[in-house]
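> What follows is each chain in one-letter form.
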Amino acid sequence: GAVVSQHPSRVICKSGTSVKIECRSLDFQATTMFWYRQFPKQSLMLMATSNEGSKATYEQGVEKDKFLINHASLTLSTLTVTSAHPEDSSFYICSARTGTGSNSPLHFGNGTRLTVT
Amino acid sequence: AQKITQTQPGMFVQEKEAVTLDCTYDTSDPSYGLFWYKQPSSGEMIFLIYQGSYDQQNATEGRYSLNFQKARKSANLVISASQLGDSAMYFCAMREPSTGGFKTIFGAGTRLFVKA
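First to last, the sequence lines map onto chains B and U. Numbering-wise (this note's numbering), the first sequence opens with residue 1 and increments by one. Numbering-wise (this note's numbering), the second sequence opens with residue 1 and increments by one.
Hint data in this document are derived by calculation from the structure and do not stem from the laboratory. Don't take each hint at face value.
[As the list claims (entries may be wrong)] Straight-line Cα separation of at most 25 Å, PhoX-like style, residue types lysine-lysine; simulated pairs:
no., chain 1, residue 1, chain 2, residue 2
1, B, 55, B, 14
2, B, 41, U, 70
3, U, 103, B, 66
4, B, 41, B, 20
5, U, 3, B, 41
6, U, 3, B, 20
7, B, 64, U, 115
8, U, 115, U, 3
[Said to hold, decoys possible] What follows is a list of derived Cβ distance ranges for each label pair:
no., chain 1, residue 1, chain 2, residue 2, range
9, U, 29, B, 14, 41 to 51 Å
10, U, 98, B, 72, 32 to 42 Å
11, B, 61, U, 113, 25 to 35 Å
12, B, 80, U, 17, 40 to 50 Å
Remember, predicted model here, so these are calculated numbers, not experimental data. Positions of the beta carbon are idealized from the N, C-alpha and C atoms, including for glycine.
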């Protein structure tokens with residue numbers, strides 16, 4: 001089955017530093033990937049849609065200069081949390097579809113738990 | 001405005017019994033897709049079942065079935081013969097058109113507890 005790999009699974013960083021999270025589609029090409037954020041005991045909130053070869057589309061309220069997204073190839077999208085602060089501590093999870101049909105579900109990575117101290 | 005509503009923060013069910021998790025949605029687009037995902041405590045998101053807006057029959061996948069009532073805009077998940085391993089968070093989601101394509105939005109989730 002389709003596999004989405006996300007790395008790292010956990011990261012602890014100091015306030016003010018930047019953190020890069022990678023999302024790879026292992027056995028399919030993904031022109032579009034989706035980045036979600038999930039706070040404890042809450043739902044998944046779509047942050048942005050990552051588009052291969054073009055700029056990401058950010059959801060309202062998400063700072064594009066703080067959450068940099070790069071989708072340089074058909075199998076890799078990266079999310080960089082710049083100048084991280086404790087309020088950025090969250091569970092970040094990426095996803096992609098294997099097909100374009102409306103019934104094609106999202107396949108998720110295992111997520112990255114970011115803790116900013 | 002909230003587009004996916006899951007009104008049950010938590011649900012309990014006895015092992016081997018059936019349970020229904022509620023989901024209502026709001027969209028003006030005639031073409032949409034509805035999904036249910038399971039999230040165990042490990043955090044991974046597991047796809048369970050899909051229902052298309054034009055599908056005439058309710059979707060079924062093993063012990064999972066979707067009670068789709070289009071006029072009422074509801075897409076409830078029914079889990080039959082509950083197992084201890086079904087204890088998890090369950091999210092209802094809707095795929096809808098957005099700028100440049102489609103996006104999937106999620107409800108607040110329902111935490112299911114299966115009792116032995």
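> Go ahead and decide if the range 25 to 35 Å is satisfied by the Cβ distance of residue 61 (chain B) to residue 113 (chain U).
holds, 33 Å
> For residue 80 (chain B) and residue 17 (chain U), compare the CB-CB distance with the range 40 to 50 Å and indicate the outcome.
holds, 47 Å
> Next pair to validate is residue 103 (chain U) with residue 66 (chain B); report whether the Cα-Cα distance is within 25 Å.
holds, 21 Å
> Given the hint that residue 3 (chain U) pairs with residue 41 (chain B), test it: the Cα-Cα distance must not exceed 25 Å.
Between residue 3 (chain U) and residue 41 (chain B) the Cα gap is close to 19 Å, so the pair holds against 25 Å.
> Assess, step by step, whether the Cα of residue 3 (chain U) is no farther than 25 Å from the Cα of residue 20 (chain B), and give holds or violated.
At roughly 31 Å apart (the allowed maximum being 25 Å), residue 20 (chain B) and residue 3 (chain U) break the hint.
> Within a Cα-Cα threshold of 25 Å, do residue 55 (chain B) and residue 14 (chain B) meet the stated pairing?
violated, 28 Å
> Given the hint of 32 to 42 Å, is the C-beta distance from residue 98 (chain U) to residue 72 (chain B) inside that range or not?
violated, 22 Å
> Could you grab the alpha-carbon distance between residue 64 (chain B) and residue 115 (chain U) and see if it respects the 25 Å cut-off?
This hinted pair is violated, its Cα atoms lying about 44 Å apart.
> Looking only at beta-carbon atoms, does the pair residue 29 (chain U), residue 14 (chain B) fall within the given range of 41 to 51 Å?
The hinted range 41 to 51 Å holds for residue 29 (chain U) and residue 14 (chain B), with Cβ atoms some 44 Å apart.
> Given the hinted pair residue 115 (chain U) and residue 3 (chain U), is their Cα-Cα distance within 25 Å?
It is violated: about 31 Å lies between the C-alpha atoms, which goes past 25 Å.
> Between residue 41 (chain B) and residue 20 (chain B), does the CA-CA distance stay at or below 25 Å?
holds, 24 Å
> So if I understand the rule, the pair passes when the alpha-carbon distance is 25 Å or less; does residue 41 (chain B) with residue 70 (chain U) pass?
violated, 29 Å
Taken one by one, the earlier hints fail for this structure at numbers 1, 2, 6, 7, 8, 10, listed in ascending order.
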